[in-house]
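K.L.:
Sequence:
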Amino acid sequence: MSMEQQLWKNLESKMSIIFLLTILGLFISASASDAFISASVFDQLHQPRLSTSRALLQAQKPCPINFENQNYTIITSRCKGPRYPATTCCDAFKNFACQFADQLNDLTNQCAQTMFSYINLNGGYPPGLFANECKDSKRGLECGVVASGAPANAIPHSWSLLSFLSASAFLLIVGRVL
1 MSMEQQLWKN
11 LESKMSIIFL
21 LTILGLFISA
31 SASDAFISAS
41 VFDQLHQPRL
51 STSRALLQAQ
61 KPCPINFENQ
71 NYTIITSRCK
81 GPRYPATTCC
91 DAFKNFACQF
101 ADQLNDLTNQ
111 CAQTMFSYIN
121 LNGGYPPGLF
131 ANECKDSKRG
141 LECGVVASGA
151 PANAIPHSWS
161 LLSFLSASAF
171 LLIVGRVL
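Quick note on numbering: the sequence shown equals residues 1 to 178 in UniProt numbering.
Just so you know, the hints here were simulated from the structure itself, not pulled from any lab data. Just so you know, these numbers come straight off a predicted model, no measurement behind them. Just so it is clear, CB atoms sit at the ideal spot from N, CA and C, and this is done for glycine as well. Heads up, some of the hints might be wrong.
[Said to hold, decoys possible] Listed next, the in silico BS3-like pairs over lysine-lysine satisfying Cα-Cα at most 30 Å (straight line):
1. LYS135 <-> LYS61
2. LYS138 <-> LYS80
3. LYS135 <-> LYS80
[As the list claims (entries may be wrong)] Cβ pair distances, simulated, as ranges:
4. ALA86 <-> ALA59: 31 to 37 Å
5. PRO127 <-> ASN71: 19 to 25 Å
6. GLN60 <-> GLY128: 17 to 23 Å
7. ASN120 <-> LYS61: 21 to 27 Å
8. GLU12 <-> GLY144: 35 to 41 Å
9. LYS61 <-> ALA86: 28 to 34 Å
10. ARG139 <-> GLY81: 26 to 32 Å
11. ASN132 <-> ASN66: 26 to 32 Å
12. GLU12 <-> PRO85: 53 to 59 Å
13. SER77 <-> LYS135: 18 to 24 Å
14. SER117 <-> LEU7: 55 to 61 Å
Build out the structure end to end from the sequences listed, making use of the hints.
P.N.:
Here's what the structure looks like:
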């Protein structure tokens, strides 16, 4: 087999890898766009946990996110009293909170309580404002596109992952061909 034939065969196998990585990235992006903040995140703020289950008796883990140093201006600049318009406040809340959806939905940690404490501290909001006003469905607050048309997250996680996978595959191919 000539050198040129080997290079083409090598390139074909690498193109297969790129195709598979692209399909994987699209699958991940489809599942990531289905993100939500569970209704139980809001429920746990109003209802004390029952101590009948052994799992519930365990102490909650600390939150891995440092909410003290987050930028809350996305909420505080848009969600203002005395009226606190539900659409505006909920869109702002989604823009801030949806990037932390996985951690907030983990009821074994203190992320939800910590985040709401800092939101209320920075914005001086009435207790339960977001829990009472922001409801999309039975499962919770949907993190897709907010009502204003802007994405709930500034840079969707799925696109950054897809870009990373594509760039990695490209560099792999270029590095081996050269």
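K.L.:
Are the hints correct? Go through all of them and say.
P.N.:
Consistency of the hints with the structure:
no.	hint	result
1	LYS135 <-> LYS61	holds (27 Å)
2	LYS138 <-> LYS80	holds (27 Å)
3	LYS135 <-> LYS80	holds (19 Å)
4	ALA86 <-> ALA59: 31 to 37 Å	holds (35 Å)
5	PRO127 <-> ASN71: 19 to 25 Å	holds (23 Å)
6	GLN60 <-> GLY128: 17 to 23 Å	holds (21 Å)
7	ASN120 <-> LYS61: 21 to 27 Å	holds (22 Å)
8	GLU12 <-> GLY144: 35 to 41 Å	holds (38 Å)
9	LYS61 <-> ALA86: 28 to 34 Å	holds (32 Å)
10	ARG139 <-> GLY81: 26 to 32 Å	holds (29 Å)
11	ASN132 <-> ASN66: 26 to 32 Å	holds (27 Å)
12	GLU12 <-> PRO85: 53 to 59 Å	holds (57 Å)
13	SER77 <-> LYS135: 18 to 24 Å	holds (23 Å)
14	SER117 <-> LEU7: 55 to 61 Å	holds (60 Å)
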